[in-house]
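Line by line, the protein sequences are chains A and B. Position one of the first sequence corresponds to residue 1 (full-length UniProt numbering), numbered consecutively onward. Position one of the second sequence corresponds to residue 1 (full-length UniProt numbering), numbered consecutively onward.
Please keep in mind that the hints were generated in silico from the structure rather than gathered at the bench. All C-beta atoms in this analysis are idealised placements derived from N, C-alpha and C, irrespective of residue type, glycine included. Keep in mind that a hint or two might mislead.
What the hints assert, rightly or not - Here are the computed distance ranges between Cβ atoms for each label pair: (1) N159(B) / N554(A): 29 to 35 Å; (2) D266(B) / D121(A): 38 to 44 Å; (3) E571(A) / K397(B): 28 to 34 Å; (4) E80(B) / D269(A): 38 to 44 Å.
Protein chains: 2
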Amino acid sequence: MYRNHTCGELRLADENKEVILSGWVQKVRKLGGGITFVDLRDRYGITQLAFYKDVNEDLYEEANKFGREWVLQVVGTVQERSSKNKNIPTGDIEIAPSKVIVLNSSETPPFTIEDETDGGDDIRMKYRYLDLRRNPVRKNLELRHKIAFETRAYLDKLNFMEVETPVLIGSTPEGARDFVVPSRMNPGEFYALPQSPQLFKQLLMVSGFDRYFQIVKCFRDEDLRADRQPEFTQIDCEMSFVEQEDVLQMFEGLTKHLFKVVKGIDIPDFPRITYADAMKYYGSDKPDTRFEMKFVELKDLTAGKDFVVFDSTEYVGAICAKGCAEYTRKQLDELTNFVKRPQIGAKGLVYVKCEADGTFKSSVDKFYGQEELAAWAKRCEAEAGDLILIICGETEKAQKQLSELRLEVGERLGLCDKNKFNCLWVIDFPLLEKDEELNRFFAKHHPFTSPHKEDIPLLDSDPATVRASAYDMVINGVEVGGGSVRIHNSELQEKMFEVLGFTKEKAQAQFGFLMDAFKYGAPPHAGLAFGLDRLVSLFAGLDSIRDCIAFPKNNSGRDVMIDAPSVIDDEQLKELQLVVNLKN
Amino acid sequence: MYRNHTCGELRLADENKEVILSGWVQKVRKLGGGITFVDLRDRYGITQLAFYKDVNEDLYEEANKFGREWVLQVVGTVQERSSKNKNIPTGDIEIAPSKVIVLNSSETPPFTIEDETDGGDDIRMKYRYLDLRRNPVRKNLELRHKIAFETRAYLDKLNFMEVETPVLIGSTPEGARDFVVPSRMNPGEFYALPQSPQLFKQLLMVSGFDRYFQIVKCFRDEDLRADRQPEFTQIDCEMSFVEQEDVLQMFEGLTKHLFKVVKGIDIPDFPRITYADAMKYYGSDKPDTRFEMKFVELKDLTAGKDFVVFDSTEYVGAICAKGCAEYTRKQLDELTNFVKRPQIGAKGLVYVKCEADGTFKSSVDKFYGQEELAAWAKRCEAEAGDLILIICGETEKAQKQLSELRLEVGERLGLCDKNKFNCLWVIDFPLLEKDEELNRFFAKHHPFTSPHKEDIPLLDSDPATVRASAYDMVINGVEVGGGSVRIHNSELQEKMFEVLGFTKEKAQAQFGFLMDAFKYGAPPHAGLAFGLDRLVSLFAGLDSIRDCIAFPKNNSGRDVMIDAPSVIDDEQLKELQLVVNLKN
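Excised from the complex, chain A in its bound form (with noise of 0.2 Å):
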């Protein structure tokens, strides 16, 4: 028996107990005087092992030689510690050894194994194994197993059944990029990997499963970033027989038990706002809302003064900075240049300070006076100390600069607590999305999206309006989760289809199985997913989705650890009959 206890479980109440522990050296403390002590660690915690010389000379010189990462095998007797550590949950006692056995050593690791390391990013990667011995890394990791273990828990208690679907399937044209696995037994032909079991989840209903979940990994061939992965795991839902409100309530619901057994944290109702009013009031689909500051439009009160940088443009918006009145040149600059740098692309920033004594300093006070500049204030409901922060242009460019801006002014006055979560649904997307280029229709969300009942004439007359009854879940500011009533009728999919572009033989050729399944009986039906990987960054407080995963990869898309891709045989590439033509 290697072990009959871990190192984070011994206490005070053991005293006297033998036992036998193994783990990893955390560390050698050479007190000198023939003192030895030895931080011994593994997944469960650390326990102090005691080498005395004067009570075993032997053992005491063979620890002095101990390096960090060896693995140990101790057997020895729980004492009372001299000198107690109350940081730790076992610094009440020690191990006093009577036998160890080395069963590995280790070479010196790349960088320090603690919770704060010397590693950079690349070598860590490199070494992700030592990585993820640092507890940081393996705490995400463990917080992950917890919300997909009490996702299953909560949904099997519901009547969900998980269905595995499959990850071979045939490649989609539509949407993201997919990547593609060729055929050896079907030469030239090509599966691909999903980007997500919309297709079979949907036939699943039709099926008659009426309740379906599967935390399942999904593909994507786009080039990367932080909160990307080629590779990532979703919560994918489906319910038959249900309503828009059915899907959101039992969402909500499982994302509260979420937040309860995994952090013990109270969500109240998920507040709701419309695509357009989240549009209007955040500039974003996907607000934060761990903090008001709600755009205010000024295009109406700032007409007229002759200031042609208002008066010529679409519209202007500003926002409340809460106390920033005392904002000084550098600071104003800041933001200024912030909302200019290209990737936010604002033309200038226009600002308006209300001071302690009542009175207004603006930018643009050549064009207002003090009367102009109380009655912005007032509507922005701005009080004396507050900093009013305008922008103005193409209403949906604006909008997006101002929404930056908000973002950017809610950090710099620390309302984005990571500890503080604001969940809501955002509801009514717009069903279609024009691309004024190609002079088409695309699904904003995917093609089998039901639009409002209400709207469907619409589809006809002004596609551009038709509303969905598409969801998305956003905590502080991340669509954790999205999704939609589907079409469950095959004409209403036939109409979603002619307005999408698609010639019959192309829709058939894509999704003629999904239409003919929907010949034999489609109930209405409903789903949802969640991204897990964002959904573990956001309880783990973490800025990308790498660190909650056990063996991302680089923005590359390269593993840097198993230096994955890589080139395979001529004979691998002859039995799939393939050719590589490398471009130069």
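Since the structure of chain A is provided, determine the placement of chain B on it from the hints.
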């Protein structure tokens, strides 16, 4: 609200309740005399809707037009049936509908959607979404969900963490053929889909994760059979600081638990048998122990009586078929023809009938007298009425043939009861397998399997005899799980690669990252993987794993429902810098 009850839950106690149900029309029974019954079905059961002409003529007329598999929403009142159906839980009641909404109509399904269907395999696979509506098919998937769910709950309680390992990994030329995925971002390079997370789970042990599991899709590009699919699911497990005994205890515990909670069966402690004994007594490393019928060696007793066939051969083995002395000429011929089939390949079959009067009748009684035959019978523990069946030949081949015969006879005697479960561990597998043609050794399990400690010196002197710390869990002759203690020592691992004929460069190129990882303090570790598909099939009493997979592929690796794999756009190939080059 589409429903407030399911079609499986209403009872006599609900009499007079107004309810809303939704579901599919299973059957319309027009009784005449103004009465029509409609069976409404959902995942939970069937409820009878009763339409009486004299109660509501319009609804009655409407109901007569309903077709099979239409989707209905029904508002009505629960009432007691006049003619009760004891075969279904809702058989005491019926619904008197006040309102029916047709949610969807249905074309006539291509096969009947009932427990026994008229649809052949091909049509049911093409319309799998309709096949899944059938009770027995859905029940297999419910069982699958339950087994997976209970496995997770059991392992979570014991501190196992589920960790997701990557699906896009590197190709490893050892083992079965990999599916590969061309990388667009790294042209000319390929990911591979994992045949198992073997390397990653061992890295997690190096990381100190100590108790890992994952229910995970794995992939093998092999030619397919009834019990093989290109994608399949494993319950993959690994533990640190354990010996073989710990692993056997742990997963024997899990298996017993699953039998208990899923099937209500108490399984006794699993017997253990060495690989050598399994071959000796059953001619198989996965013996079906629902019945004994062990092999008995007769070589010594048969020698020297001028029967050249036995005298000139290496092995003479017998099984005793209880109570089969009455077998007719025809039945004996059937058995002889069975063992002579090309896939079995025996030259012939010798029998000895133990007659009721104590005499013996044999196909070789020209050579052997009653006394000799009596000695054989004694060793076989055969009694009056039994039939002894004998096969001879080169030991290994003859044992395999006798194994097939044993299973055939067991089947004929009704000893292979699908409701009886016999579990056992097969241990002490050989570490290596020699390919005589290539004159090199292959790892029987995989190259990370640890040899028995006491056999390590034999790696140099007599590699073929080295026993591995490897084990299989066998239930009813099916290998449902297997694993091994791993090598955690770099030198032993290098030695192993040397025996397997890997050059240092090749070992480094393929497994370098694992060997590197082992330099930083690898703990002793061991693991096991269950085939979930096989486990579910076994629990469900299925002949093929295909029946417990929602959307399986056929023997050509095709999903005939979605018609995958398929050709992809030239544009996609161009982006991947690949050319299809079909041989003719």
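Satisfaction of the hinted span 28 to 34 Å by the C-beta atoms belonging to E571(A) and K397(B)
32 Å, holds
Taking the Cβ atom of D266(B) and the Cβ atom of D121(A), is their distance within the range 38 to 44 Å?
53 Å, violated
Range hint 29 to 35 Å: satisfied by the CB atoms of N159(B) and N554(A)?
32 Å, holds
Range first: 38 to 44 Å. Now tell me if the beta carbons of E80(B) and D269(A) are that far apart.
This hint holds: roughly 42 Å between Cβ atoms.
Of the hints listed earlier, the one the structure fails to meet is number 2.
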